[in-house]
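Visitor: So you can see what is in the structure, the chains are spelled out below.
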Amino acid sequence: MLATATRNAARGAICAVRGDLGLGFGVTTCFSGTASQVIWQGQRVLDATEFDEYLSSTVASRLEDTEQGKDFEADMRALASTGVATDTLEDLLQTEPARKPWEVGEALAECVLEEGRGVTWPWNMERDKRTPKASLPGADIVGFLVEDDDIYMALGEVKTSFDAKRPPEVLYGRGGMITQLDRLAREPAIHLSLLKWLYARCKSTIFWPMYQQATARYLRSGGREIVLFGLLMRDMDPHEHDIQGRAQSLASQVVAPTRVELTAWHLPRPISNWPQIAARSA
Amino acid sequence: MLPSSWVLEALGEDRVAWSDNESARRLLELALDTPHLIDGARAEKDLQFVAEAMELAVLDLLDADNRLDELRVVSEKAFQLLRVMSLPDAPDARGDWLLRTACLGILGERGADVARYLKHQAWPEGTPTADWGSRAKATIRDAWLLVLRKAGWEDLDSAQERVLELRRDQRTFEEEYLKSLGDRARTAAWELVAFYHLSKAAEILAVYTTQGEVDGHFDILQQLEAQFDRALVACQRAELVELEATTRLLARTARQLVENSIWTVTRSVDSQVASFVKNIVSRESASPIFEVLPPQRRTLREGAL
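Chain order of the listed sequences is L and C.
All residue numbers for the first sequence refer to my numbering, where the first residue is 228 and numbers rise by one.
All residue numbers for the second sequence refer to my numbering, where the first residue is 15 and numbers rise by one.
Only chain C is shown next, with the shape it has when bound in the complex:
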């Protein structure tokens, strides 16, 4: 049964059902470590079409707060498709692929699978000789992937280090980069503006995940929204198509991560819980817990804990 979405209706039940079967088959092959049984080229192309259309359906649901269940189901379907498809070889395209797949997984409430996916896939290597625009993009994407994976404090510390690294190197490389671009400099400048807002958003989220506050403030959603709104404006100024779509996805994913955070969930339960939470999140904890799983969130919402 398809979720109610005009995009999926236009895509057609047959195509969606085929993609469900194809992704299940591929997942089984991956689990059993067997080679593809069916010629992949055509299927890969068709699967990509369905996955991209699913992303369009997700986009249509991102801001519809009264349709959260549909957003979860469609995001999960898109995640299930993308994670069994071949990743692009080009480092930049590969990094973008990992990021959107991870965001869709988070929105589909498959956080544990996202962490596993990001652990097992090779991330694109940084290229020190690349231009500043490419380096800035790669650095910010790395920061976001680390926040999404959050395998312990190490990932969240590394995410913040990436942002500091970006600010440090900006003075050295930005001006020369923009001067080298001629007619394209204005477009690149707006792109950098968007990147810098996304870097600040990643930093806010990393700090909140570990500390439950940012500089003594608890209005995390508002702080994040301010950064994403400005990133979107920069994308619109220069018509940055891909970056705009990524920013919208990241903005909704960040909101979901804040809602999943153990700090957010327990704040509304009981103030005495705070010290307990600090313990299980702390650096000293062997396996710090930053998030609460969907069933636990539901139980807490219903006041059963």
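The shape of chain L in the complex, shown without the other chains:
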């Protein structure tokens, strides 16, 4: 796996040769580790041109909005039938807010998990893509992990950070990634809420067999057999201090058969530029 690993003392990381994770760009594994039910790794993308292309094609397609315009008019006509005033809501919802870097980071996380890790996201055709994905209770991303012949519910947290501290602030505290993953691991009420939400997205679609298999596995296990993903999106050089300590701390909390995979992605463009690069697709 890390056959030609080299020590980069200045960065505190062990970087392997460029690998092929099935993504549209080359990836170097810089550090990795395992403790109990938690594994972690640091991935580095070196080629900025390849990264730009990925952002402006694969990632952009998850963010773009083609059909919203005509649907929006129908939404507002229907709202008028309720007897409430519609002007304020109409004004707000027809504006085109600028993309935030964290939104691009979240879409990027979904893409790399889908293409590199075999996670499937039931597509929500009704979603207003100009509305930030901030309302899922306790999880940023929800889907299914396909692993050999088995299917698991996959939940994830994504943090995008240019904080120079290692680990960055977004891994700490009540709203930090590790606390959120710990909570996700131990609160079946959140899992079942998300399963109810996934239900409508999977019923009568190609995702239905996956849904049934992942849900049945989850219920049989008494609410434990799920896979959690934590992705830290960075625009800094790799360093195992970004996640190793927090991963070990999380490992002392997570009980089998729940599993956690933490990945720090070290990317070649400043985070503040990601929305602009992703917008180049049109």
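Wrong hints could be hidden among the right ones.
[As the list claims (entries may be wrong)] Cut-off 30 Å, straight-line C-alpha distance, at most; resulting in silico cross-link-like pairs (DSSO-like, lysine-lysine):
1. C:292 - C:133
2. C:193 - C:151
3. L:392 - L:327
4. L:327 - C:151
5. L:356 - L:327
6. L:356 - C:151
7. L:356 - L:430
8. C:59 - C:151
9. C:133 - C:59
10. C:193 - L:356
11. C:151 - L:430
12. C:133 - C:151
13. C:193 - L:327
14. L:430 - C:59
Worth flagging that the hints you see were computed from the coordinates, not collected in a lab.
Assemble the complex: chain L is given as a structure, and chain C must be docked to it using the hints.
Guide: Okay, now just chain C, sitting in the frame of chain L:
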């Protein structure tokens, strides 16, 4: 014997049987006013897991018109669990709990027990200083709880007053609320869109329950469906997980309430019955009857009355 449901099969007969026993034991304790005999924390957590899974099984049956008996049985089981569990302390969570429990009870054809449950449980108090989003949600939830309890005309009048109150206050508070939210404003705006459709649906149901028509129209199911469909679209636009599940449950519950309504049941029996129904529903009636019980509905369907 478990109803045929892949969700309940995965949950396992042992867990379902345990939850049946646990809910029966707790109901007895409540009836005898005795303290919990068993340490509750672990059992409460396990019971919650089973209850939430039952709700998933209910969701799977909501749109299956050929499986109404299974929907009734699973909804009833979920209701029996939720009504003996501890309610959350936080007002918003408590209100949500009451609403879903009541909906499951209606779907389980336990309307009288739902009315008793809603009468004896403390409803969350309104908070005048809360933001518009929270106030709108609390107001609409109150309206729905009143429609579900319908303890006489008072509840149904109050439900309609809540909806009017919402429309009146919207002009004053909505814009400032949305401006204060920054990045979260779009999500909150879609949530309000869903709330307003749910408020209209509550109003339609309250009016139909008392008058047997809405503005001279009898297509109540279609009117309700239009409002719920748009509420669901708003939930899907902003991925409002909890509200979407509540909306699906409310939509099916509203349909059940229309089917239970004395107006609906007697309309197909005999037009001369109409004046009799108006009398027993009227404000002058000491105990107005808005609904027909399941056995009476069955008898009427079979033409025995």
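Visitor: Which hints, by number, does the structure contradict?
Guide: none
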